[in-house]
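Novice: Listed below are the residues making up each chain.
2 protein chains.
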Amino acid sequence: MSAKDRYHRIVRRAIESDGWEITHDPYPLQAGGYDLEIDLGAEKIIAAEREGQKIAVEIKSFLGPSKISEFYGALGQFITYRAALKIQDSDRTLYLAVPNTLYEKFFINLFIQDLIKQNQVDLITYDIEQEKIDRWQP
Amino acid sequence: MSAKDRYHRIVRRAIESDGWEITHDPYPLQAGGYDLEIDLGAEKIIAAEREGQKIAVEIKSFLGPSKISEFYGALGQFITYRAALKIQDSDRTLYLAVPNTLYEKFFINLFIQDLIKQNQVDLITYDIEQEKIDRWQP
Numbered sequence: 095m096s097a098k099d100r101y102h103r104i105v106r107r108a109i110e111s112d113g114w115e116i117t118h119d120p121y122p123l124q125a126g127g128y129d130l131e132i133d134l135g136a137e138k139i140i141a142a143e144r145e146g147q148k149i150a151v152e153i154k155s156f157l158g159p160s161k162i163s164e165f166y167g168a169l170g171q172f173i174t175y176r177a178a179l180k181i182q183d184s185d186r187t188l189y190l191a192v193p194n195t196l197y198e199k200f201f202i203n204l205f206i207q208d209l210i211k212q213n214q215v216d217l218i219t220y221d222i223e224q225e226k227i228d229r230w231q232p
Numbered sequence: 095m096s097a098k099d100r101y102h103r104i105v106r107r108a109i110e111s112d113g114w115e116i117t118h119d120p121y122p123l124q125a126g127g128y129d130l131e132i133d134l135g136a137e138k139i140i141a142a143e144r145e146g147q148k149i150a151v152e153i154k155s156f157l158g159p160s161k162i163s164e165f166y167g168a169l170g171q172f173i174t175y176r177a178a179l180k181i182q183d184s185d186r187t188l189y190l191a192v193p194n195t196l197y198e199k200f201f202i203n204l205f206i207q208d209l210i211k212q213n214q215v216d217l218i219t220y221d222i223e224q225e226k227i228d229r230w231q232p
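Chains A and B, in that order, give the protein sequences. With the first sequence counted from 1, adding 94 to any position gets you this note's numbering. With the second sequence counted from 1, adding 94 to any position gets you this note's numbering.
The shape of chain A in the complex, shown without the other chains:
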């Protein structure tokens, strides 16, 4: 199994453990004549808070050698998908899922945190070993 597929399965299971039903794998998105895909679509089924909330999750592994280059791509993709989602399915919130180890090494940087806030990027961090969601930000 490719690393990409492995991370996909880990995040899928982690989101399910968190009380969400996976409704799309992948979630299809049309915009500007392009057929795009967000990795997962999910809906909250357990617990009163967030009940019925719909999300789409783009999964990033950040396994390449340049974290900052991968960040450029992830940020641009997030902004593009969010704009497309706003037109197609405005009740659905987009999240970028990144490994918690990468979050602690890279996203914790103040300059990167400022970029995340300025561009209102919603993040999920996941624990690869435990297959659990660690953090929803904000």
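Just so you know, these hints were derived from the structure itself, not from any lab. For clarity, every value in this text was computed on a predicted model and none was experimentally measured. Don't take every hint at face value.
Unchecked claim - To list a few chain B residues with every Cβ distance to chain A over 10 Å, as calculated:
1. His102
2. Asp119
3. Ile140
4. Asp208
Unchecked claim - Cβ pair distances, simulated, as ranges:
5. A:Ile162 - B:Gln147: 23 to 31 Å
6. A:Met95 - B:Lys211: 35 to 43 Å
7. A:Trp230 - B:Lys211: 54 to 62 Å
8. B:Glu110 - A:Met95: 50 to 58 Å
Glycine residues also receive a C-beta, built at the ideal position from the N, C-alpha and C atoms.
Position chain B relative to chain A; hints supplied.
Specialist: For chain B alone, kept in the frame of chain A given last:
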């Protein structure tokens, strides 16, 4: 010469022809502990309008197979560089330089134009054959 180097030289000459002096090649940028580089720094020397204006130009060739994937990276890089430039050299305006042929094929798409406007991406388009700047947007 690599295609990347060839496009770099074309844009450098095109900007010089437009009355700018190249002051940095590349323009060094520090942010969040990262040493980044924008392809060119330039200052307007000819003509009353824009005189003394300072710009930084990130050159994109969009030669890869997936234009939308390259767009994600270019958009994320532009937003990151702009945030860093605002801290380091707030009088300098960042431009993304793209081939005019690519602009007519890809950037003209209404969804992409909306993203460019929403994210206030300043664009230069360049003519590869003529080695001239075609368009400043906005």
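Novice: Which constraints among the numbered hints does this structure fail? Numbers only, ascending.
Specialist: Those not satisfied are hints 4, 7.
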